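Here is what each chain is made of, one letter per residue.
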Amino acid sequence: MKYVDEFRDGELARHIAANIAREVMPGRSYRLMEFCGGHTHAISRYGLADLLPACVRLIHGPGCPVCVLPTGRVDQAIRLALEQRVILCTYGDTMRVPASGGMTLMRARAAGADVRMVYSTADALAIARDNPARQVVFLAIGFETTTPPTAVAVKLAAAEKLTNFSILCNHVLTPAAMHAILNAEGGVNLDGFIGPAHVSTVIGSRPYEVFAAEYRKPVVIAGFEPLDVMQAILMLVRQINDGRAEVENEFTRAVTPEGNLKAQALVGQVFELRDSFEWRGLGSLPFSALKLRSAYAAFDAESRFGVSYVAVPDHKACECAAILRGEKTPQQCKIFGTACTPETPIGSCMVSSEGACAAHYSYGRFREATA
Amino acid sequence: MNMSKRPGRSLDMKNGRVELAHGSGGRAMAQLITQLFAAAFDNPYLAQGNDGALLPQPAGRLVMSTDSHVVSPLFFEGGDIGSLAVHGTVNDVAMMGATPLYLAAGFILEEGLPLSDLQRIVDSMARAAREAGVAIVTGDTKVVERGKGDGVFITTTGVGVMPEGLHLSGDRARPGDRILLSGTIGDHGMAVLSRRENLSFDAPIVSDTAALHGLVAAMLDSGVELRVLRDPTRGGLATTLNEIAAQSGVGMLLDEAAIPVNPAVAAACEFLGLDPLYVANEGKLVALCAAADAPRLLAAMRAHPLGARAAIIGEVCHDAHGFVQMDTRFGGRRIVDWLAGEQLPRIC
Numbered sequence: 017m018k019y020v021d022e023f024r025d026g027e028l029a030r031h032i033a034a035n036i037a038r039e040v041m042p043g044r045s046y047r048l049m050e051f052c053g054g055h056t057h058a059i060s061r062y063g064l065a066d067l068l069p070a071c072v073r074l075i076h077g078p079g080c081p082v083c084v085l086p087t088g089r090v091d092q093a094i095r096l097a098l099e100q101r102v103i104l105c106t107y108g109d110t111m112r113v114p115a116s117g118g119m120t121l122m123r124a125r126a127a128g129a130d131v132r133m134v135y136s137t138a139d140a141l142a143i144a145r146d147n148p149a150r151q152v153v154f155l156a157i158g159f160e161t162t163t164p165p166t167a168v169a170v171k172l173a174a175a176e177k178l179t180n181f182s183i184l185c186n187h188v189l190t191p192a193a194m195h196a197i198l199n200a201e202g203g204v205n206l207d208g209f210i211g212p213a214h215v216s217t218v219i220g221s222r223p224y225e226v227f228a229a230e231y232r233k234p235v236v237i238a239g240f241e242p243l244d245v246m247q248a249i250l251m252l253v254r255q256i257n258d259g260r261a262e263v264e265n266e267f268t269r270a271v272t273p274e275g276n277l278k279a280q281a282l283v284g285q286v287f288e289l290r291d292s293f294e295w296r297g298l299g300s301l302p303f304s305a306l307k308l309r310s311a312y313a314a315f316d317a318e319s320r321f322g323v324s325y326v327a328v329p330d331h332k333a334c335e336c337a338a339i340l341r342g343e344k345t346p347q348q349c350k351i352f353g354t355a356c357t358p359e360t361p362i363g364s365c366m367v368s369s370e371g372a373c374a375a376h377y378s379y380g381r382f383r384e385a386t387a
Numbered sequence: 603m604n605m606s607k608r609p610g611r612s613l614d615m616k617n618g619r620v621e622l623a624h625g626s627g628g629r630a631m632a633q634l635i636t637q638l639f640a641a642a643f644d645n646p647y648l649a650q651g652n653d654g655a656l657l658p659q660p661a662g663r664l665v666m667s668t669d670s671h672v673v674s675p676l677f678f679e680g681g682d683i684g685s686l687a688v689h690g691t692v693n694d695v696a697m698m699g700a701t702p703l704y705l706a707a708g709f710i711l712e713e714g715l716p717l718s719d720l721q722r723i724v725d726s727m728a729r730a731a732r733e734a735g736v737a738i739v740t741g742d743t744k745v746v747e748r749g750k751g752d753g754v755f756i757t758t759t760g761v762g763v764m765p766e767g768l769h770l771s772g773d774r775a776r777p778g779d780r781i782l783l784s785g786t787i788g789d790h791g792m793a794v795l796s797r798r799e800n801l802s803f804d805a806p807i808v809s810d811t812a813a814l815h816g817l818v819a820a821m822l823d824s825g826v827e828l829r830v831l832r833d834p835t836r837g838g839l840a841t842t843l844n845e846i847a848a849q850s851g852v853g854m855l856l857d858e859a860a861i862p863v864n865p866a867v868a869a870a871c872e873f874l875g876l877d878p879l880y881v882a883n884e885g886k887l888v889a890l891c892a893a894a895d896a897p898r899l900l901a902a903m904r905a906h907p908l909g910a911r912a913a914i915i916g917e918v919c920h921d922a923h924g925f926v927q928m929d930t931r932f933g934g935r936r937i938v939d940w941l942a943g944e945q946l947p948r949i950c
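Chains A and B are the protein sequences, given in the same order.
The number in this note's numbering is simply the position in the first sequence, starting from 1, with 16 added.
The number in this note's numbering is simply the position in the second sequence, starting from 1, with 602 added.
Calculated directly from the structure, the hints in this document are not laboratory data.
Model, not experiment: these values are computed from the prediction.
We put the beta carbon where it would ideally sit given N, CA and C, even for glycine.
Hints should not be assumed to be uniformly reliable.
[Stated by the list, open to error] Computed spacing ranges between beta-carbons, pair by pair:
#	chain 1	residue 1	chain 2	residue 2	range
1	A	A314	B	H923	50 to 58 Å
2	B	G767	A	D25	43 to 51 Å
3	B	S670	A	R222	53 to 61 Å
4	B	A819	A	A142	35 to 43 Å
5	A	A314	B	P716	47 to 55 Å
6	A	N35	B	H923	48 to 56 Å
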């Protein structure tokens, strides 16, 4: 823990905060998007907004795996569990994501489905080995961070000839989502990105260079500790003040320009690009997600059980889409904190503590209340 | 539970298992009761051997509380479902400011539970009750078919006695009051979770399960007027404070740096993506008193072994929204909200 505590030092934080306050230019604003839910969580949990001058605005991006998962994908998982009677293995956060008809995986479990929370793909594989008479499906979600472990599981299942294991693949790609945000209709009001931490350990810092070079948006890759975020904000303020647009790496203790080549190779062996994938809030994006290569097609739960994807429109009043694109804040949504709360989430941003709405509901509401 | 002694062969404690017959009211049940429960809990009230225990009337007002225990795994570092079933109810009675006297225990056993496990649990319960100075005076046993229970569920009901004049209640928090915590948080929840998830750490995380009425007595003896006492069990410290804030119609402001957390617990929480503020405790209490009384109360708590790491962790404030807020170690401020659903690990 000593190692972690060093990145949570309040004294150092105040020092960086003083530098930020001194260096911001009077009269201009700094609209910075933290792409990852991990950053959103750190910002909320440590109350970072309190340490920043009013002209620095943090905009929560779409990098929360359960938040970008469209309703139709959760519906598929629920159909597998309830109708095909598979053992559905999932990461914890996904259990409460709202699906069609007020259903969630948690409610499906109460209705008799065999839904199991796992901490890793290895747990899901172990369940498959222990239950040879049952079909086991792993609900594979997440960005580039969670993809390599899924690739390992698929390769192991193939090597062991496990015929009762498959995955419902929803792995998505960070750069594709960043392109979508920057290409949004009507333009986007952003001055820079706090770049992903764990994702970048896998893909490296190079994939962000296009955003600096072509879109002229500075990117600073930052770790998930609060001091990392503060330092990245200072680096972004400096780039913006200098009129620079570069990819800088604050998270040098884990991220290299080329990333984790071994993990990339592994993912490349098992997965290939999907032509198109629907994201909640961002719509259908070309080449933004992964599917299993034909050599591993036998492990694709969608084809094994014939559960095809059916798109479902989001709740009419829900502003998750605009919030995920950084166009609106949670408070600008009519149902935020009234109909939509962490107990009764309507949009997915209210589900995970990494979601912009849940983070604001749990950690930030008092600001309006006391304002 | 009828405790009269009847003849019969001995139970095979080493290799035997709970069978449906152990709950059927016949000879097997009588055997289980005499050889296991009555032998371990042995006290004059239980030995009356009737359907209910006849108890002397104590002076003062009666406090009664009940709690069901369904912990999995049954055994964990620092305790087991047996000691937990005693401490849980003893503490609920103690949080009223009462001295616990008697317990009733209901057991739901799952067919197939090894008798050796049951013996361990019952012995642990008997030991915990003896140490807490309470008698288990009556009980009941039922057996459910295999697959319909989780080994054993234990419900305990406690009766205690409280002197006149004492009034502790969750609605008595007033702006300006200080919030005191008796020690580190999250130890019980993480001890159970690390056993459940097969996580091992260099220093094992040990449950804090303990009977708190001795500490409560020491606090009352200090002469300080206690407003509220609560044990932050399920839902952890955050949930307990939100309950008090809602009940009293006040807000709270905590100081994160003042809240003690064992390093191993902090590390395990970090690893699993959990927040210790929401993790269960079974041997800690939260006390509220007027600001001027806080140093004296803190001293009394620290003088007791179960309060050695006690701390003043925050204060009560005016807040129409009833928000519990916290100044973070990092220098920011955040809401410490009610927990929504279960605390689920984050993905990345």
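Results of checking the hints against the structure:
no., hint, verdict
1, A:A314 to B:H923: 50 to 58 Å, "holds, 55 Å"
2, B:G767 to A:D25: 43 to 51 Å, "holds, 49 Å"
3, B:S670 to A:R222: 53 to 61 Å, "holds, 57 Å"
4, B:A819 to A:A142: 35 to 43 Å, "violated, 49 Å"
5, A:A314 to B:P716: 47 to 55 Å, "violated, 42 Å"
6, A:N35 to B:H923: 48 to 56 Å, "violated, 34 Å"
Hints 4, 5 and 6, counting from the list given before, are not met by this structure.
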